[in-house]
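Novice: Build out the structure end to end from the sequences listed, making use of the hints.
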Amino acid sequence: MSRSARLALGVALLIAPSELALTQPKKDVPRSYGVGHAVTPEQVAGWDIDIRPDGQGAPPGRGSVKEGEKVYMDKCAACHGEFGESAGRWPQVAQGKGTLASHDPVKTVGSYFPYLSSVFDYIRRAMPFGDSQSLSNDELYAVTAYVLNLNDIVDDKFVLSKETWGRVKMPNQAGFFDDDREMSEKAFWNPNPCMNDCRGPVKIIGRAGAIDVTPDEKTQKRGVE
Amino acid sequence: MADPSNTRGATRRRFLAGAAGLAAAGATETQAENSKNLPPNVADWTRQLGEGVGVRAYGNPSKFEKNVIRRTVPWLTATPESSVSFTPLHQLDGIITPNGLCFERHHGGIAEIDPEDYRLMLHGLVDKPLIFTLDDLKRFPSVNEIYFLECAANSGMEWRGAQLNGCQYTHGMVHCVQYTGVTLKLLLEQAGLRPGAQWIMAEGGDSAAMNRSIPLGKALDDCLVAYRMNGEMLRPEQGYPARLVVPGWEGNVWIKWLRRIKVGDQPWFTREETSKYTDLLENGKARQFTFVMDAKSVITSPSPQAPVKQKGFNIISGLAWSGRGKIKRVDVSLDGGRNWRNARIDGLVLDKACVRFYFDFEWNGEELLLQSRAMDDTGYVQPSKDALRKIRGLNSIYHNNGIQTWALKPDGEVENVEVG
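Just so you know, the sequences run in chain order W and Y. The numbers in this note's numbering rise by one with no breaks, and the one at position 154 of the first sequence is 154. In this note's numbering, each residue's number is its place in the second sequence (first place is 1) plus 1000.
There may be inaccurate statements among the hints.
Claimed, not checked - Subject to a maximum C-alpha distance of 27 Å in a straight line, what follows is the list of computed DSSO-like cross-link-like pairs (lysine-lysine):
1. 186(W) x 1276(Y)
2. 1311(Y) x 203(W)
3. 1390(Y) x 203(W)
4. 1276(Y) x 162(W)
5. 1409(Y) x 203(W)
6. 1285(Y) x 186(W)
7. 1276(Y) x 169(W)
8. 97(W) x 1390(Y)
9. 1276(Y) x 97(W)
10. 1409(Y) x 186(W)
Since the hints were made in silico from the structure, they are not lab data.
Specialist: Okay, structure coming up:
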């Protein structure tokens, strides 16, 4: 609190302490509005589906690669392909090893995902596409195990559960680092950017018209009549 | 040709009407005139009564504005439920995006939530885990703030060169509206943070149940749980009835249809923040938690979907924004970045919001290479695409804020080009 504010407060206290309580709520002590209700453990249990890398939040249950193959073929292969290679333009979930530094990186569970939880948590909340949160815990463990197996991360006999969670090592776990733009892109901070003669002759080296992939506006749905 | 001093106050309608002269071939929006409505004749709408009040209980734009719509790029995604539609930036002015034109990005379609059945759960490392109804959220003291929201993948298709012909497609994953809501800080205070609280996880109630980790510092700084946009309740496609507002940060963390916030002591490393919204560099390593959207700008007119219709006096119009603070300055180049001039910023300049800029020029039909360059109040200057690629390579997908080039051709048409 500034000196003048403290002085003002002192004066106010002398004059009308009861009014002060109305006009000057105490700083740093958050007000409780009494709005909202205590959430019950039962309510939380139904929605608390997130899982962390260390396995916190993983549900009870178990599933083998073999069991997972059946779940995958029934519910996943139509989009992701029988071997995780993708059918059409749906996400590829397997292979792609060694491609991240290439001109055509293929990001899959095996080549890119850093943690088992990143896969498991996602399948649990969002898959199968169009039938979210429909798999049993055992099916979840099984199908995740199968996707790991497609990526050669676990063997054919592997059974995934809370107990075996820590045994899964994802190949690209060390492939990430925290945002460093303020250091690595420091040069983009410049109080006096060039205004005149900033570069040599300018040449057009690429044209969107030549690629011709822009949608035709006439074929797009129009607004309300 | 019009005298610049007179044209300043001209409406867009008059501007377009006066444009009938040039390049009819390229003019996509020109309507055939009906001389019956033009002086000295008296127009139909002057002699007849129009519709009464209440006929348009919720008003729509004029039927003559039917082409002002969000558009999609169908080949981009496997399915429309997990896809994107783009804001028609070239057809808008000022800084506020109309609610029905704000770009959409869904991962499991639009959840249609009955507000009576809406609940927001707040738990984890808190003293009192709480659950709120929508009415509860509205009872708290509210705040009103204008912020831009940009998808991290905006301009993502342009990393390898000019690809899409239109700022709607190259830059249309941004919008700017006023939000009404309760601060996340106030909600967290109601539950009481426990020692060790460092991160929150926000989760949507849609069929993707999108979840993202956000550092507690940001949550306590300026995040909102918003239920209104531009005065009315959120549109379903923007997260009705409540969404997270994370000013200046990539759109993916602005969880829509917000159903749950959990407080924890470390990030969750969810699928969205690992396999998706990470920036893969040339060496195969990827940056993670690149939340802030760097300063960026784009000329919205002229642009490929908004060609120039007459020689003489013309105005360049554009948008600029920065996730790091306020836009301090915008420069415009007519020669592909060799020489720059200050643009005129008009209207509100707000923290982490869009600003509108203008630049007047005389055009004699010569080919021009139009660019804009934004600076924010941290001193960050929007880089060239080449400067970005030099550091990040071609595989990043996200956070492409490089300077855009439009080639204005002698016939008034405009093309998205890459300069070297």
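Novice: Next pair to validate is residue 1390(Y) with residue 203(W); report whether the Cα-Cα distance is within 27 Å.
Specialist: Since the Cα atoms of residue 1390(Y) and residue 203(W) sit roughly 19 Å apart, the hinted pair holds (cutoff 27 Å).
Novice: Is it true that the CA of residue 1409(Y) sits at most 27 Å from the CA of residue 186(W)?
Specialist: 36 Å, violated
Novice: For the pair supplied as a hint, residue 1276(Y) and residue 169(W), confirm whether the alpha-carbon distance does not exceed 27 Å.
Specialist: 20 Å, holds
Novice: Against the 27 Å threshold, does the CA-CA distance of residue 1409(Y) and residue 203(W) hold or violate the hint?
Specialist: 14 Å, holds
Novice: Decide if the proposed pair is consistent with the structure: residue 1276(Y) and residue 97(W), CA atoms, cutoff 27 Å inclusive.
Specialist: OK: residue 1276(Y) and residue 97(W) at ~17 Å, within 27 Å.
Novice: Does the structure keep residue 1285(Y) and residue 186(W) at a Cα separation of 27 Å or less?
Specialist: Measuring from Cα to Cα gives roughly 19 Å; hence the hint holds.
Novice: Next pair to validate is residue 1276(Y) with residue 162(W); report whether the Cα-Cα distance is within 27 Å.
Specialist: 26 Å, holds
Novice: Does residue 1311(Y) pair with residue 203(W) here, judged by a C-alpha cut-off of 27 Å?
Specialist: Judged against 27 Å, a Cα distance of about 24 Å means the pair holds.
Novice: Assess, step by step, whether the Cα of residue 186(W) is no farther than 27 Å from the Cα of residue 1276(Y), and give holds or violated.
Specialist: It holds: about 25 Å lies between the C-alpha atoms, which stays within 27 Å.
Novice: Decide if the proposed pair is consistent with the structure: residue 97(W) and residue 1390(Y), CA atoms, cutoff 27 Å inclusive.
Specialist: Cα-Cα ~25 Å, so holds.
Hint compliance for this structure: hint 10 is the single one not met.
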